[in-house]
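If you're matching them up, the sequences are chains A and B in order. For the first sequence, this note's numbering begins at 5 and goes up steadily by one. For the second sequence, this note's numbering begins at 54 and goes up steadily by one.
Please keep in mind that the hints were generated in silico from the structure rather than gathered at the bench. All C-beta atoms, glycine included, are put in the ideal place defined by N, C-alpha and C. Heads up, some of the hints might be wrong.
Stated by the list, open to error - Taking beta-carbon pairs under 8 Å as the criterion, some of the chain B residues facing chain A (in silico):
1) Gly71
2) Ala72
3) Leu86
4) Ile89
To be verified - Per the computed footprint, the stretches of chain A lying under chain B, defined by three or more beta-carbons under 8 Å from a beta-carbon of chain B, are:
5) 89-100
6) 113-124
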Amino acid sequence: MAIDKAVDSTQLDADLTTVADAIRAKGGTSAELSFPGGMAQAIADIPSGGITPTGTINITDTTLTDVTNYANAQVVDADLTAGNIKDGVNILGVLGTFTGGGGTPKINGAVYDCGEFTLATDTSSNYTVSHSLGVVPSAVFLWVVNPSYETRGIIGKYATDVSSVLNASVTAVNGALAAGTGSSAARMRTYKTADDITFCCDSTYPLVAGLRYQWLAIGTEVTV
Amino acid sequence: MRFYKYIQDNYIVSIGTGASGEEITAEEYEALLAVIRSKPTPPDGYDYRLRADTLEWEEFELPPIEDEEVTADELLRELEAIL
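Kindly generate the complete structure, drawing on both the sequences and the hints.
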């Protein structure tokens, strides 16, 4: 071995002690460490660092990207349901079934609502349906869908002034709704509110059980 | 589409679509429609109503038909409405 440098042994011992103390502190021991074998083994015995990822983090927002320390991550949103997704569109494995349109449907700028009903028993008094216009309809129509009643016609009346009771009546346009009445004129009043439509029939022109009636209510223009 | 049934005094008055009544599934709507369409023919002076709890038809006697009395005011309002 060639001697090419002079060493301050006191300084060397102090430096080695500093290194050994650091190893002992990290390894949790107070044992003496030989150089270099003891120190190398003590370093090798120190467990590797880091932590084991566990648990699951719920990702509830697109701004949440830090999944550190979690074994799993899952997207969670109560609104992520089939009914909230357009029919046929698959988002994150949820196949949409929603078929509704966007916004409030309108006819020539006027909001409208429609529906249908089938009675279990003939009625010759009042029958009320709810609508979602939020305003008193300016026009209401009622007709029968069943094929055998196609020619029974449609009743309806357009009323521009919904404040008058005179405009609350609905007059038959073409024939009656009841079975066997042919082309005779019929009348059926309706009473309209911002929530309901009441069809007021009588024993001559009842609403007939089993038939499929459809109604259409047209509201006034709504400025949002 | 929202399906509903309208129940009054434990009898099913009607079923339909729209904002009325108690919301039901499309399957229940179709099942009730089939029951309503199979309503038996009542004897004269009687009709059937559909029990909501058992979905069975119950016969009842129809009330007698009385002539409607129309007041002069009502006639005038009708005429105004037509004119």
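Tested hints:
Because the closest C-beta pair between Gly71/B and chain A is about 3 Å apart, less than 8 Å, the hint holds. Interface hint status for Ala72/B: upheld, as the beta-carbon distance to the closest one in chain A is roughly 4 Å, under 8 Å. At its closest, the beta carbon of Leu86/B sits 6 Å from a beta carbon of chain A; the interface hint therefore holds under the 8 Å criterion. Using the Cβ-Cβ criterion of 8 Å, the hint placing Ile89/B at the interface with chain A is satisfied: the shortest such distance is roughly 5 Å.
Given a C-beta distance limit of less than 8 Å, the hint that chain B covers the region 89-100 of chain A is violated, as 0 residues qualify and 3 are needed. For the region 113-124 of chain A, the proposed coverage by chain B is satisfied: 8 residues have a C-beta within less than 8 Å of a C-beta in that chain, meeting the threshold of three.
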